[in-house]
Amino acid sequence: MSATTPADSPRALAWRRRRQALVDVWRAYRTTPAGLVGLAGLVLFVLVALTSPLLVTADDLSVIRAPYEPYQPPAAAYPLGTDNFGRSLLDLVIWGSRISLTVGFLATLVSVALGSLVGIVAGHFRGWAGVVLMRVTDWFLVLPTLVLAVALAAVLDRSTFTIVLAIGVTAWPTTARLVRAQTLAVEARPYIERARALGGGHVHVMVRHVLPNVMPLVLAQTTLLVASAIIAESTLAFLGLGDPTTVSWGAILQDARRAGAVSSGVWWYLLPPGLAIALVAMAFTLCGRALEVVLNPRLRERR
Amino acid sequence: MAQATTEKAAPQRVKRGDPGPMLRLVATRLAGAAVSLIAVMLTAFFLFRVLPGDPVRAMTQGRPVSVEQLAELRRQYGLDKPLHQQFLDYCAGLARFDLGTSYQYRLPVTELIADRLWPTLLLVGTGTLLAAALGLWLGTRAAWRRGRVTDQVTTGIALTLWSVPTFWLGLVLIVVFAGGAGGVLPQLFPTGGMSTPGVTGTAAILDTAHHLVLPVTTMVAVLYAQYLMVMRSSLLDEMGSDYLMTARAKGLRDALVLRRHAVPNALLPTVTLIFLNLGQVVAGAILVEAVFSWPGLGQLFYQGLRLPDLPLVQGMFIFFSASVILMNLLADLVYPLLDPRVRP
Amino acid sequence: MNHLQISDLTVAYRVGGHTVPAVRGVDLTVPAGGKLGVAGESGCGKSTVALAVLRLLPANATVTGRVLLDGEDVLTMRWGRLRAVRWAGASIVFQGAMHSLNAVHRVGDQITEPILLHGKGAITPAVAERRAGDLLEQVGLPAHQAAAYPHELSGGQRQRVMIAMALACEPRLIIADEPTTALDVMIQAQILRLIDGLVTEHGIALMMISHDLSVLADTCDRLAVMYAGRVVEEGPARTVFATAVHPYAAALGAAFPTVGDPAARRAPRGLAGDPPDPAQLEGGCSFCPRCPRAVAECARVDPALRPAGPDRAAACILVPPGGPSPRSLRASAAEVPAAPEGRRR
Chain A
1 MSATTPADSP
11 RALAWRRRRQ
21 ALVDVWRAYR
31 TTPAGLVGLA
41 GLVLFVLVAL
51 TSPLLVTADD
61 LSVIRAPYEP
71 YQPPAAAYPL
81 GTDNFGRSLL
91 DLVIWGSRIS
101 LTVGFLATLV
111 SVALGSLVGI
121 VAGHFRGWAG
131 VVLMRVTDWF
141 LVLPTLVLAV
151 ALAAVLDRST
161 FTIVLAIGVT
171 AWPTTARLVR
181 AQTLAVEARP
191 YIERARALGG
201 GHVHVMVRHV
211 LPNVMPLVLA
221 QTTLLVASAI
231 IAESTLAFLG
241 LGDPTTVSWG
251 AILQDARRAG
261 AVSSGVWWYL
271 LPPGLAIALV
281 AMAFTLCGRA
291 LEVVLNPRLR
301 ERR
Chain B
1 MAQATTEKAA
11 PQRVKRGDPG
21 PMLRLVATRL
31 AGAAVSLIAV
41 MLTAFFLFRV
51 LPGDPVRAMT
61 QGRPVSVEQL
71 AELRRQYGLD
81 KPLHQQFLDY
91 CAGLARFDLG
101 TSYQYRLPVT
111 ELIADRLWPT
121 LLLVGTGTLL
131 AAALGLWLGT
141 RAAWRRGRVT
151 DQVTTGIALT
161 LWSVPTFWLG
171 LVLIVVFAGG
181 AGGVLPQLFP
191 TGGMSTPGVT
201 GTAAILDTAH
211 HLVLPVTTMV
221 AVLYAQYLMV
231 MRSSLLDEMG
241 SDYLMTARAK
251 GLRDALVLRR
261 HAVPNALLPT
271 VTLIFLNLGQ
281 VVAGAILVEA
291 VFSWPGLGQL
301 FYQGLRLPDL
311 PLVQGMFIFF
321 SASVILMNLL
331 ADLVYPLLDP
341 RVRP
Chain C
1 MNHLQISDLT
11 VAYRVGGHTV
21 PAVRGVDLTV
31 PAGGKLGVAG
41 ESGCGKSTVA
51 LAVLRLLPAN
61 ATVTGRVLLD
71 GEDVLTMRWG
81 RLRAVRWAGA
91 SIVFQGAMHS
101 LNAVHRVGDQ
111 ITEPILLHGK
121 GAITPAVAER
131 RAGDLLEQVG
141 LPAHQAAAYP
151 HELSGGQRQR
161 VMIAMALACE
171 PRLIIADEPT
181 TALDVMIQAQ
191 ILRLIDGLVT
201 EHGIALMMIS
211 HDLSVLADTC
221 DRLAVMYAGR
231 VVEEGPARTV
241 FATAVHPYAA
251 ALGAAFPTVG
261 DPAARRAPRG
271 LAGDPPDPAQ
281 LEGGCSFCPR
291 CPRAVAECAR
301 VDPALRPAGP
311 DRAAACILVP
321 PGGPSPRSLR
331 ASAAEVPAAP
341 EGRRR
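In order, the protein sequence lines correspond to chains A, B and C. The opening residue of the first sequence carries number 1 in full-length UniProt numbering; numbering runs sequentially from there. The opening residue of the second sequence carries number 1 in full-length UniProt numbering; numbering runs sequentially from there. The opening residue of the third sequence carries number 1 in full-length UniProt numbering; numbering runs sequentially from there.
Hints were generated in silico from the structure; no laboratory data involved. Every residue gets a Cβ at the ideal spot worked out from N, C-alpha and C, and that includes glycine. Heads up, none of these hints are tricks.
Label-pair distances were calculated between CB atoms; the ranges are: (1) A:His204 x B:Gln69: 58 to 68 Å; (2) B:Met22 x C:Ala59: 38 to 48 Å; (3) B:Ala255 x C:Pro142: 32 to 42 Å; (4) C:Thr29 x A:Val23: 52 to 62 Å.
Only some residues are given here: those of chain B computed to face chain A with a beta carbon under 8 Å: (5) Ala39; (6) Leu51; (7) Leu159; (8) Ser163; (9) Phe167; (10) Trp168; (11) Val175.
Derived coverage of chain A by chain B (criterion: at least 3 residues anywhere in the stretch with Cβ under 8 Å from a Cβ of chain B; other residues may be distant): (12) 137-143; (13) 234-248; (14) 269-278.
Isolated chain A, as found in the complex (with noise of 0.2 Å):
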C-alpha cells in the first residue's frame, strides 16, 4: 500500500481497496464451473423476461380470440403446444417469466432489506434490544413460512404487491441471523473501536463500517433466496391466492389444474411452466452456491 500518491483520500482507498475485492471475487467466481453455469441461465432468463413484450403480443395471449386450437400437443407454430383455450404455451412461459422473476426480485429485496436492517441492528445493540430482536427473529424462523405467507395473502387483497409483500415479511429471519454473526465478527475488530473512539455514533458505525462488510455475504444469501421466492411465488399463485389477472408460472399451473390438464394427461400443459421454475431456481442455487464458496474461504475445501 506504500505505492499510493500521498493525494489519495482515505475514502479513495477505500473504495480502491472495494473495487479490487470485486476483481478478485470475480477471479474466484470465473473458476467454479457450477457458478458459471448458473450464471448463464440466470442471465438467459433476464433477457426472456425483459424482451418479452417484443416476443409476444396481447392477441397471443388473449383468451377469447386464442390463436390456435385448444390442447394441442408441441408442433411447428407452437413448439410446447396448447393451452385449453388454445394459447401458445411458449408464449404463456415467456410472458409469466416477467411476473415469476419481478416477484422474486422484489420479495427479496424486501426480506434482505429487512433481514440485513434487524440483523445488524441486533448485532450491533448487545443489550436487551438485540435479545428482543433475535427473540422475534427466532420466532419467526419456526414459524410454519408457508402458512404464515399464505394466511397473509388470504386477508389482503389478491394483487402481486401482496405476494411480494407475504413472501417478503415472512423470508428474512434467516438474512437477519445470518447477517448478525457477520456483524458481531466485523464489530471485533480494532479499526471500530478507532472509530468510536473518534466520535463515530450508532449510525455511522452501522452504516460505514458494518454493513459494507456485511454485504458480501448479504448478496450470496439474496441469489439463495431468490430461487426460494420464486419457487414460494408459484406455490401461492397455485394455491389461487395470486392475482387471477396476470400471468405467472405458478398461475398458469394453476390453470393447467383446474382446466383438468391433470387427469387429461396433457402433460405439456404442466412440463413447461414447472421446468421454467426449476430451472431459475436452480440457476439462483447455483450463483448462491459458488458466491458463498467464494466469499467464505472456510466452505472453500468442501467444494
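Please build the complex by placing chains B and C on the supplied structure of chain A, with the hints as guidance.
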C-alpha cells in the same frame, strides 16, 4: 466448536443425577415456548381480525349476500362488538381450546381438525421418517466420498429436487404414474384420496398404503435434499477432527470410524435443523394434500383458503404454529440426551 | 533387536497439482524397550513420521521406504493385518487430548473400544470395563472417571485418559506425539513422568515427539533432530542436547535454556527466520539460509548424515568425518566468512 475455547481444568461435576439443573432447563424452555404461543395467538388475532378490516366482507367476497345476512354473520362471529371485547372473547375461547366455528362447515374448528388429524400424521410421519433416513444416509455417503462422483451425483440430484416446486412434482407424478402418462404406462397408482370406497379389512390397509405411495414420494423428494445437505456439511466439518484419527489409529475399519465416531457428532447439528425446519414439513403437507386430495389437515386448510373461511384458516394457523413450537420444545428437551456437552 | 526400524522413509503430499515433500529420506530405529526422542520445529515432518508408522496419513500423501514394526513392513501390509497391528502393535498418544477424544462417548467406552476390538470376542465387555478401570488407576485417575465425558475432565486428566487408552492393548511401542503441548507447565512434568514411568515399568518402547529438546533429553535414551523433513543429528540424548554438532540442533537446544546455568543466559537463543517452505526447497543444505555458520559450499552441497563421534551422526559439511571437537567446529566457522549478508542475524 465450543470445546476449542479452553484447555484449562474443567469444573468437576460432583453430583451426578442432581435434578436441579435439568428442572431449570425444562422450566426455561417451557417458559420460552409459552411466550412463543402467546405471540402466535396475538399474531393470529391481528392477522385475521384487525388486518382484513371487515372479515365478513372478505369471506363473502364475490357472492351475493344481503345486508341483513352480513349483519347476522357479524353478530354470529362477535364482530359487532368493540375490538377489545372481541380480543377478550378470543382469549377466553382459546383458553377453553375453542378455535371458533368454521364458516363453510358450520362446525367447531377443533372438531374439524381432530377429524383430519390422523391422515396428516400418517402422511407427514411416513414422509419425514423416510426423508430423514434417506437424507442422513445419502448425506453421510456424500461427505465420506467428498468430491467424487457419488458426492457430485447425490448433491446434484438433491439440489435439482430442491429447486422443483412441491406441487408441480406432485402433478407430474400423477400424470406419469396415476394417469399412465397419456396412455403410455399402465395406471400404477390412484390419482388421489386415501382409500377406495368399499374396501374393508386387511385389504383396506394395503389400499391405503397404495394411495400413500405417490404423496409420500413427493414429500420425501422435497424434504430429503435439505437433510442431505445439512448432514453432508456437518459431517465434513467433523472430517478433519483429531478424534477420527484416534479412532483410525485404534484399528477400526473406516465404516466403523464413520458410524461410531463421526456420525454421532455430525448428527447433533443435523437433528437441530430437522426440528427447526418442521415448519417446512407443514408447508409440504399442505401442498401435497392439496394436489393429491389427501383428506387431511392440509386439504382442509386449502379448502378454507378458497372461500376464504377465515375462522377455519385462523384456527389452523394457530394449530400449525403451536404444533411446530411444541415439536421444537421437544427437540430442545431431547437434545441434551444426544449431546453430553450441553447436558446440565 | 530393533522394535521399530524406519528406513529411507519419504512422504510427499499432493496439494493442488503440486507435490510437497514433507519427509525426505528418514532413517530411525527404536530398539525393544528403548526410548527415542524426535525433535524439531513445527512443520519439520516429525508428526508425519509418527503417522506414517501406522499408515495413518491422508490419501493425498505418497509414502515410500520401509517401516518395519517387529520385523513386518507396515507400508506393504494388507488392510486387515494393518488394522490388527494398529493400537495392538503400536499405539499413539496424540497431541492435544481435547480433540483426540470423542466428545459424545464416555471415556471408559473409548478405552474399552480397542480392547474389545482387538480382543476379537474373547474378551467380554465386563472384563474390558474392569481393565479400563485398572488402566485409569494406573494413570492416576479414579476408576469411576470411566463414566465421565471428555468435557468434564481437565486437560491433564484428558491426557491421562489418552495414555490409559494407549496402554489398553498392551502394545510394544507407544508413539507420543507432543503429549504435553497445550498443558500447564506443572501438568506437563507430571504427564512426562507418568509416561516415562509406565513405559519403563511395562518394557514398552517409546517414540516421543516434541519441539522441546530438554524434555526429550530428560526422558529418552536417544535423540533425533529433524529439520525440513530430514534427520540432521542423531545420537545419545544427553550428548546431543549438551553438545550438539549440527548448528540447527545446537540452536534448538539453546532455545530451551537449562535453569540455573549461567552460561545459558548469555548464549544466543532461538533462531531467526522461519523453516523453509517444503514446496520450494532448492539444492544445497536446507538449513543454509538460516545457518549462523554457513559457508559458500553450503548453498551447493546437501550433506547426508555422517558419523560425528561415538554413536552419533550429523548432516553438516562442517562436521569432519570421524567426529568433531567443539573447538574445530568453532574454528571452521570463524575461518570462512559465512553465507550471504543479511541472512545471518
